[in-house]
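S.K.: Whenever a hint applies, use it, and build me the whole structure from the sequences.
Listed below are the residues making up each chain.
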Amino acid sequence: MSALKSQTDQQLALELKDLRKSFGKTEIIRGISLAVEPGQRIAIIGPNGAGKSTLFNLISGRFAPTSGQVLLDGHAIQGKKPYEINRMGLSRSFQITNIFPKLSVFENLRCGVLWSLGYKYTFLKFLANLDDANARAEELMAMIKLDKKHDVLAINLTYAEQRALEIGITIAGGARVILLDEPTAGMSRSETSRFISLIKEVTVGKTLLTVEHDMGVVFGLADKIAVVVYGEVIAFDVPEAVRADQRVQEAYLGSSVADAQGQGH
Amino acid sequence: MITTLHRQPKPVGHGRFWVWSLFAALLAVVPLVFTSSLSHTILSQMGIAIIVCLSYNMLLGQGGMLSFGHAVYSGLGAFIAIHVLNAVTEGKFPLPVSLIPLAGGLAGLVTALLLGWVTTKKSATTFAMITLGVGELVWAMSLMFPEFFGGEGGISGNRVTGPKPLGITFGPQIQLYYLIAVYTFVCTGLMFAFTRTPLGRMLNAVRDNPERVEFVGYDTQKVRYLSFVIAAFFAGISGGLAALNFEIVTSEVVSGYRSGAYLLFTFLGGATFFFGPIIGAVLMILAFVLLSEFTKAWLLYLGLLFLFMVMFAPGGFASLIMMNVRVAAFGKLKPLLGHYAALLVTGLLAFAGVAAMIEMLYHLQLDAALGSQLRFMGMQLNAAAPATWIAAVAVTLAGLMVFELARRRFSVKWGDTQESIEKEIKRREAL
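Heads up: the sequence lines are chains X and B, in that order. All letters in the first sequence, in the order written, are residues 1 to 265 by our numbering. All letters in the second sequence, in the order written, are residues 266 to 696 by our numbering.
Worth flagging that the hints you see were computed from the coordinates, not collected in a lab. It is possible that some hints are incorrect.
Below, simulated SDA-like cross-link-like pairs (lysine to any residue); rule was C-alpha separation at most 25 Å, straight line [said to hold, decoys possible]:
no. : chain 1 : residue 1 : chain 2 : residue 2
1   : B       : Lys561    : B       : Val677
2   : X       : Lys102    : B       : Met574
3   : X       : Lys125    : B       : His279
4   : X       : Lys81     : B       : Leu378
5   : B       : Lys387    : X       : Arg87
Not close to chain B: a few residues of chain X, all C-beta gaps over 10 Å, as computed [unchecked claim]:
no. : residue
6   : Gly49
7   : Phe123
8   : Glu138
9   : Glu182
10  : Thr192
11  : Phe195
12  : Ser197
13  : Gly205
14  : Gly216
15  : Gly220
16  : Glu232
17  : Glu240
Distance ranges between label pairs, derived from CB positions [as the list claims (entries may be wrong)]:
no. : chain 1 : residue 1 : chain 2 : residue 2 : range
18  : B       : Ala695    : X       : Glu191    : 19 to 29 Å
19  : X       : Ser193    : B       : Ala695    : 22 to 32 Å
20  : B       : Tyr443    : X       : Thr158    : 50 to 60 Å
21  : B       : Gly680    : X       : Asp237    : 40 to 50 Å
22  : B       : Trp563    : X       : Lys81     : 29 to 39 Å
23  : B       : Leu670    : X       : Thr26     : 55 to 65 Å
24  : X       : Glu138    : B       : Trp563    : 51 to 61 Å
25  : X       : Glu138    : B       : Phe457    : 21 to 31 Å
26  : B       : Trp285    : X       : Glu201    : 19 to 29 Å
We treat Cβ as the ideally placed atom computed from N, Cα and C, and that holds for glycine.
M.R.: Structure follows, in structure tokens:
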């Protein structure tokens with residue numbers, strides 16, 4: 001029985017089991033359970049303050065959950081340090097751009113690559129001789145279309161370029177599960193649509209969870225949508241079903257669903 | 266004036282090889298040009314200071330770790346080195362004198378292995394406070410254990426001991442200088458190499474954004490800890506060389522005062538560039554050895570310079586140099602030279618006025634018995650006469666006024682130059 005159970009667990013890329021988080025007496029995440037299969041693209045939506053970012057922080061190890069479990073490929077990761085979780089194959093981006101401002105674009109990406117290629121804390125090898133790390137960083141730079149900005153310090157990039165770099169660092173280590181926290185925050189509409197196709201390109205074959213506000217983006221990108229309201233998942237289904245869900249409409253979506261439908265058809 | 270470099274500076278062709286060759290040649294030739302024994306003393310101390318300031322900058326510039334206790338590691342290195350030297354003299358420990366600095370380095374390394382884990386637990390302010398605490402702790406210990414630290418008299422030794430290969434005794438200062446020069450060159454090379462390794466680069470990343478580093482798989486404390494230990498190793502080597510150089514080590518070498526000097530001069534030289542601390546180290550020895558001979562108010566001048574740099578050139582002398590190198594690379598330096606001359610002349614005028622007042626004040630406070638006359642820049646000043654003071658104030662004010670005018674004109678010109686360089690870069694990128 002238990003063998004059978006662990007087998008089914010391993011088929012999931014990420015699983016949350018009754019995850020809870022309290023800050024003081026306030027419970028922000030109130031028992032979230034979620035099962036994500038490998039290769040799925042999940043969008044997490046919900047009103048401001050619903051706990052979407054907190055959820056990401058719990059999964060990625062920024063905070064430890066008060067109770068509950070997070071399983072990455074069947075291994076419990078709740079309460080582990082962010083770097084431990086990252087080494088196990090989960091990587092995340094941030095809502096507020098979180099890059100290495102005084103390093104060049106290339107160096108930013110190389111920093112994201114080093115651990116996954118096994119270079120760890122070595123000071124007995126020259127970076128310039130690490131052919132695999134350098135090739136990988138170059139490849140990433142081309143993927144996020146910053147190859148012309150090789151030596152530009154990250155602080156001097158435009159906002160959209162910094163957001164792209166943010167994604168680049170996130171995928172650099174080759175993590176299987178990628179968490180993107182509002183990747184298109186602060187972007188114009190045209191930038192957003194270009195950016196979404198970029199995200200699709202660079203996360204091919206990966207399991208993707210993304211927090212997103214833009215409904216057009218959500219319905220275009222996601223295989224499944226999880227709706228978080230007041231720290232609970234009130235719906236988790238394919239976009240059409242979520243769109244039709246009465247509770248979701250009442251709780252949150254309202255007119256934005258109509259908007260998205262109007263644009264979509 | 267305050268501006269950052271847009272791009273990461275790139276080495277050009279074989280430029281790096283020539284820079285290192287020049288550095289080696291400089292270390293070799295300088296004592297042949299300046300042959301007085303004072304110069305050799307100064308040059309030896311500069312080598313020692315270069316190593317310790319570069320090691321300090323591994324923390325400050327490369328790791329964003331503001332340490333107030335770096336002298337703990339250079340100082341304990343010095344103490345172990347002098348004890349080892351004495352053991353060699355007594356025949357208890359067969360080690361060539363030329364390798365004793367390594368014993369100092371090892372002492373710094375072991376000390377940092379023990380104290381570093383706690384110290385590097387946190388970054389930023391917490392880190393600074395812990396280094397301050399550890400510094401005070403060791404300083405207090407230096408008074409508590411006179412057997413090891415030698416009490417007020419310190420521990421002395423004699424470097425002319427042990428085997429003498431090729432007749433090298435390290436008795437003459439020049440022989441010791443060349444030993445120091447070799448260590449300086451090798452340590453500088455190794456510390457530069459460190460900046461080109463995965464750990465060195467992740468240390469920069471930890472400085473820039475420790476949180477993100479945790480999300481690319483690295484334990485920030487481990488990055489800080491390992492770098493801290495390596496920095497302490499080089500600091501210890503510098504301490505070991507100092508022990509050989511002075512043949513006496515007093516508890517002053519572990520003091521907060523010494524740590525503060527490392528911080529101040531590393532900052533002045535420029536923490537954002539690898540070579541900045543070398544400039545800082547040279548300035549440190551010039552200030553300690555020469556400026557202190559020249560005027561009793563030298564610490565005050567140093568403080569003024571520090572203030573001035575913090576306000577106008579927070580990247581230190583190194584960043585001033587590199588910004589102008591960039592301007593020169595775009596062929597736009599020539600029109601600025603006139604402005605620099607104007608800044609220099611007006612600045613010196615204002616400084617002359619301020620310095621006259623400082624010197625008169627010091628003279629009145631400390632040398633009143635010698636009368637009210639003092640020599641200042643070849644002039645006889647009467648510190649008691651109101652006229653002298655009025656003149657000094659007038660010179661200061663006039664100097665400040667013309668300096669401000671020159672600064673404004675320069676600032677406009679500088680802004681234009683930077684703007685045109687940015688445009689040029691954009692144009693080249695578009696090609």
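S.K.: Evaluate each hint against the coordinates.
M.R.: So, going through the hints one by one against the coordinates:
A threshold of 25 Å between alpha carbons decides the hint, and for Lys561 of chain B with Val677 of chain B the separation of about 38 Å lies outside it, so the pair is violated. With a C-alpha separation of about 21 Å, the suggested pair Lys102 of chain X and Met574 of chain B falls inside the 25 Å cut-off, and the hint holds. Pair hint Lys125 of chain X plus His279 of chain B holds up; C-alpha atoms about 21 Å apart against a cutoff of 25 Å. A threshold of 25 Å between alpha carbons decides the hint, and for Lys81 of chain X with Leu378 of chain B the separation of about 23 Å falls inside it, so the pair holds.
With a C-alpha separation of about 22 Å, the suggested pairing of Lys387 of chain B with Arg87 of chain X holds against the 25 Å cut-off. For Gly49 of chain X, the shortest C-beta to C-beta distance to chain B comes to about 22 Å, beyond the 10 Å cut-off, and the non-interface label holds. Here Phe123 of chain X does not stay apart from chain B, with its beta-carbon only about 4 Å from theirs, under the 10 Å limit. With 10 Å as the threshold on Cβ separation, the claim that Glu138 of chain X sits away from chain B holds: the shortest Cβ distance comes to roughly 15 Å.
For Glu182 of chain X, the condition that its CB be more than 10 Å from all CB atoms of chain B holds, with the nearest at approximately 16 Å. Annotated as non-interface, Thr192 of chain X keeps its C-beta farther than 10 Å from every C-beta of chain B; the closest such distance is 23 Å. Listed as outside the interface, Phe195 of chain X is consistent with that label: its C-beta sits roughly 20 Å from the nearest C-beta of chain B, beyond the 10 Å cut-off. Taking the minimum C-beta to C-beta distance to chain B, about 24 Å, the non-interface status of Ser197 of chain X holds against the 10 Å cut.
A cut-off of 10 Å between C-beta atoms confirms that Gly205 of chain X is not in contact with chain B; the least separation is 20 Å. For Gly216 of chain X, the non-interface assignment is confirmed: its Cβ lies about 28 Å from the closest Cβ of chain B, beyond the 10 Å cut-off. No Cβ of chain B comes within 10 Å of the Cβ of Gly220 of chain X; the nearest lies about 27 Å off, and the non-interface call holds. At roughly 26 Å, the least C-beta separation between Glu232 of chain X and chain B is larger than 10 Å, which holds for a residue marked as non-interface.
Against chain B, the non-interface label of Glu240 of chain X holds: every CB pair exceeds 10 Å, the least being about 34 Å. Distance hint check for Ala695 of chain B and Glu191 of chain X: the Cβ-Cβ separation is about 20 Å, which falls inside the suggested range of 19 to 29 Å. Under the hint 22 to 32 Å, the C-beta atoms of Ser193 of chain X and Ala695 of chain B, about 25 Å apart, fit the expected range. The beta-carbon spacing between Tyr443 of chain B and Thr158 of chain X, approximately 53 Å, falls within the hinted interval of 50 to 60 Å.
For the pair Gly680 of chain B and Asp237 of chain X, the beta carbons lie near 58 Å from each other, so the given range of 40 to 50 Å is not met. Here the CB-CB span from Trp563 of chain B to Lys81 of chain X is close to 49 Å, at odds with the stated 29 to 39 Å. In this structure, Leu670 of chain B and Thr26 of chain X meet the distance hint of 55 to 65 Å, their C-beta atoms being roughly 60 Å apart. Remark: the range hint 51 to 61 Å for Glu138 of chain X to Trp563 of chain B is upheld by a beta-carbon distance near 52 Å.
Between Glu138 of chain X and Phe457 of chain B, the C-beta spacing of about 24 Å keeps the proposed range 21 to 31 Å intact. At about 44 Å, the beta-carbon gap between Trp285 of chain B and Glu201 of chain X misses the expected band of 19 to 29 Å.
Checked against the numbered hints listed earlier, the structure breaks hints 1, 7, 21, 22, 26; every other hint is satisfied.
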